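Enquirer: Here is what each chain is made of, one letter per residue.
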Amino acid sequence: MGKTLAEKIWSEHVVSSVAGEPDLLYIDLHLIHEVTSPQAFDGLRLANRKVRRPDLTIATEDHNVPTLNIDKPIADPVSKLQVDTLRKNCEEFGVRLHSLGDVEQGIVHVVGPQLGITQPGMTIVCGDSHTSTHGAFGALAFGIGTSEVEHVLATQTLPLVRPKTMAINVEGTLKPGVTSKDIILAVIAKIGTGGGQGYILEYRGSAIRALSMEARMTVCNMSIEAGARAGLIAPDQTTFDYVKDKPHAPAGADWDAALSYWETLTTDSDAKFDKEINLNADELAPFVTWGTNPGQGLPLSASVPNPADFSNAEDRGAAERALEYMDLKPGTPLKSIKVDTVFLGSCTNGRIEDLRSAAEVIKGKKIAQSLRLLVVPGSARVRLQAESEGLDKVFIDAGAEWRSAGCSMCLGMNPDQLKPGERAASTSNRNFEGRQGKGGRTHLVSPLVAAATALKGTLASPADL
Amino acid sequence: MEKFIKHTGSALPLRRSNVDTDQIIPAVYLKRITKNGFEDGLFAAWRNDPTFVLNQPQHKSATVLVAGPDFGTGSSREHAVWALQNYGFKVVLSSRFADIFRGNSQKMGLLTVILSQDEIEKIWQIVESKPETQITVDLESKTVSYQGVTLNFAIDDYTRWRLMEGLDDIGLTFTKIDEVTKFEEKRASYKPKTLPIR
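Going down the list, the sequences are from chains R and W.
Okay, so the first sequence: first residue is 3 according to the numbering used here, each after it adds one.
Okay, so the second sequence: first residue is 13 according to the numbering used here, each after it adds one.
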């Protein structure tokens, strides 16, 4: 029997396999940031260990960093200490670091692909659950905890039990105004936040093939929101074209060798997935979440559901709690919900295509008076690219705030937070209680819906303008 | 890591599903650079509500957390495990755990036990009516027992052995480090390196 893509990458990286034990898997690339690494470096120091492969490790500052006045010292002393600790650790252990102000600084999952160090067939880990983003290149990429960060720093390996595999088949053609964000929100609503637990997802089908690399990254990014540690897409010409000529892409004979390997990275026609899910792209519409987990989503044209209509007691209880937290009443049309803040950014939707698509909707118009629009590019390079295309002016002229790169309001570790009771339409990945600021309320949307909502003041798609 | 063989203690009934790691410990608490002192951030937002179960005096000394399904979803922050351990929890019972949270727990010696939702419901009811109920979680016999009831749970033999011996994964991997070196010698030359900077 043939192998799935995930099984192929897995078996290529097994260092040691003993019956009754997890496989020891080699890690090709380890991404580091300031929040989940300090205790890991401490562990190395305590045990008198080195970083085994600094040349397969790269760090950036993203979670904590301010998006205003980045030329000044970080104002929050606790954030500053954490960032300074990363700088000291990288210096001590010889790890490459892109600090605030550096042209390569940005959200770790935006930086890897733009440098070309994210490539097909690799194993990639990071102490961040959205590492699944890199799966868009046909890499096996997943988030790890700090103990595992230390393990990879020390040994460049991880002991892991191979997950099962699940195919997410998305056939058909997306309608105008429907994006890859809507695909993944629909997938999560269908299988639930636990549906992918224990699986590696492989996104397949004509609708996935038609997506750009950046749109594919959005899909893979939110695999974890469906419970799956990793989600991937087989590499194809779109992937190869994206990687080629990036700073760390293979060149010359290495490119040819890499390409001939990458072309083998598909699921064999006779391979069997442990589970398959089908979605029809023709039927998808702009999606929005109404609750406090990413599985609580509906098409924008729907209304807030009635918890009493949920047959499962757990879902009913969760819906009741969610509506109370979100201050929403059953039956309210989603399009009538008024929003205070729109956040355009994050590792889910903070890349150049996301900014371009939102700018196209906003160009020449003004955002609703009652609302603030925060635009946070995913990396310093994305910001520079956007500025060279004049997108910053489009946003600023419309009344938006144009910021520097980082995770920002996706998780509110820096000063970019919602106030208690404030409601946001956000292109990020999590609508958890208080995620974007204590007491804040989040509706997850695509960049197109975010832009239209910013103009209208209520949840809207460009077609509603 | 501390060995885990058997633990007996009272329980905290947390009747909520999808308890994500942002609820277990909000991001603002993640700025610290140590592994301890996170107990003040545990369920920080919910603890503002005086009726929240963790604030109820009858559950003050609980060491076994009994949670709804899909516990530990979301962010990979191991701080969620540290916060639970710093507060004093030794075991979490749930019908479903998020993968990364479960992995992090097993690295740190916080035992995560999967029971059916029916069994969780029964434990909630007992603990809510008799908060002093003692629950014993025995990793050796793979059982959870309380008031004459004994439930079996599954855990893979390797993880069980590692937890019972309190073994550090990194130390175990170093016993195979020659195999890692051999693997590295065969890696393709086109694989990317982060250094030197291009």
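Keep in mind that the hints were calculated from the coordinates and are not lab data.
Some hints here could point you the wrong way.
[Claimed, not checked] Capping the alpha-carbon separation at 30 angstroms, the derived lysine-lysine pairs in DSBU-like fashion look like this:
| no. | chain 1 | residue 1 | chain 2 | residue 2 |
| --- | --- | --- | --- | --- |
| 1 | R | Lys-5 | W | Lys-188 |
| 2 | W | Lys-142 | R | Lys-52 |
| 3 | W | Lys-154 | R | Lys-52 |
| 4 | R | Lys-5 | W | Lys-203 |
| 5 | R | Lys-440 | W | Lys-47 |
| 6 | R | Lys-421 | W | Lys-47 |
| 7 | R | Lys-246 | W | Lys-198 |
| 8 | R | Lys-82 | R | Lys-192 |
| 9 | R | Lys-52 | W | Lys-72 |
| 10 | R | Lys-166 | W | Lys-198 |
| 11 | W | Lys-194 | R | Lys-5 |
| 12 | W | Lys-203 | W | Lys-15 |
| 13 | R | Lys-177 | R | Lys-5 |
| 14 | R | Lys-337 | R | Lys-367 |
| 15 | R | Lys-274 | W | Lys-203 |
| 16 | R | Lys-5 | R | Lys-52 |
| 17 | W | Lys-72 | R | Lys-440 |
| 18 | R | Lys-90 | W | Lys-203 |
[What the hints assert, rightly or not] Ranges of calculated distance between the beta carbons of each label pair, as one might list FRET restraints:
| no. | chain 1 | residue 1 | chain 2 | residue 2 | range |
| --- | --- | --- | --- | --- | --- |
| 19 | W | Asn-48 | R | Thr-175 | 51 to 59 angstroms |
| 20 | W | Leu-179 | R | Glu-403 | 48 to 56 angstroms |
| 21 | R | Lys-421 | W | Thr-148 | 23 to 31 angstroms |
| 22 | W | Lys-194 | R | Met-3 | 25 to 33 angstroms |
| 23 | R | Phe-312 | W | Phe-186 | 31 to 39 angstroms |
It should be emphasised that the depicted structure is a prediction, and the values quoted were computed from it without experimental measurement.
No residue lacks a Cβ here, since even glycine has one placed at the ideal position from N, Cα and C.
Enquirer: Look at each hint and say if it fits the structure.
Expert: Status of the hints after comparison with the structure:
Proposed proximity of Lys-5 of chain R and Lys-188 of chain W is supported: the alpha carbons are some 27 angstroms apart, at most 30 angstroms. With a CA separation close to 51 angstroms, the supplied pair Lys-142 of chain W and Lys-52 of chain R exceeds the 30 angstroms bound. Straight-line distance between C-alpha atoms of Lys-154 of chain W and Lys-52 of chain R comes to about 38 angstroms, which puts the hinted pair past the 30 angstroms bound. Distance hint between Lys-5 of chain R and Lys-203 of chain W is fulfilled; the C-alpha atoms sit about 22 angstroms from each other, no more than 30 angstroms.
A threshold of 30 angstroms between alpha carbons decides the hint, and for Lys-440 of chain R with Lys-47 of chain W the separation of about 23 angstroms falls inside it, so the pair holds. In summary, the hint linking Lys-421 of chain R to Lys-47 of chain W is supported, as the alpha carbons are separated by about 29 angstroms, within the 30 angstroms threshold. Only pairs whose Cα atoms come within 30 angstroms are accepted, and Lys-246 of chain R paired with Lys-198 of chain W is accepted, the gap being roughly 24 angstroms. Distance hint between Lys-82 of chain R and Lys-192 of chain R is unfulfilled; the C-alpha atoms sit about 41 angstroms from each other, more than 30 angstroms.
Annotation: proposed proximity of Lys-52 of chain R to Lys-72 of chain W is violated, straight-line Cα distance about 42 angstroms (limit 30 angstroms). Pair hint Lys-166 of chain R plus Lys-198 of chain W holds up; C-alpha atoms about 27 angstroms apart against a cutoff of 30 angstroms. As the CA atoms of Lys-194 of chain W and Lys-5 of chain R are separated by approximately 25 angstroms, the hinted pair is consistent with the 30 angstroms bound. At roughly 40 angstroms between alpha-carbon atoms, Lys-203 of chain W and Lys-15 of chain W are farther apart than 30 angstroms, so this suggested pair is violated.
Note on Lys-177 of chain R and Lys-5 of chain R: the hinted pairing is violated, with a Cα-Cα distance of about 33 angstroms set against a maximum of 30 angstroms. Taking the CA atoms of Lys-337 of chain R and Lys-367 of chain R, the gap is about 20 angstroms. The hint holds against a cut of 30 angstroms. Proposed proximity of Lys-274 of chain R and Lys-203 of chain W is supported: the alpha carbons are some 29 angstroms apart, at most 30 angstroms. Restraint check for Lys-5 of chain R and Lys-52 of chain R: the C-alpha separation of about 36 angstroms exceeds 30 angstroms, so the hint is violated.
At most 30 angstroms may separate the alpha-carbon atoms for a hinted pair to count; Lys-72 of chain W and Lys-440 of chain R meet this at roughly 25 angstroms. Between the alpha carbons of Lys-90 of chain R and Lys-203 of chain W the distance comes to roughly 28 angstroms, so the proposed pair stays at or under 30 angstroms and holds. One distance hint, 51 to 59 angstroms for the beta-carbon pair Asn-48 of chain W and Thr-175 of chain R, holds here, with the actual separation near 54 angstroms. As the Cβ distance of Leu-179 of chain W to Glu-403 of chain R is approximately 51 angstroms, the hint placing it in 48 to 56 angstroms holds.
Hint check: Lys-421 of chain R to Thr-148 of chain W, Cβ distance near 46 angstroms, so the stated range 23 to 31 angstroms is violated. Range check, Lys-194 of chain W to Met-3 of chain R: about 29 angstroms between beta-carbon atoms, so the 25 to 33 angstroms window is met. For the pair Phe-312 of chain R and Phe-186 of chain W, the beta carbons lie near 50 angstroms from each other, so the given range of 31 to 39 angstroms is not met.
Going down the numbered hints, you'll see the structure goes against 2, 3, 8, 9, 12, 13, 16, 21 and 23, while the others check out.
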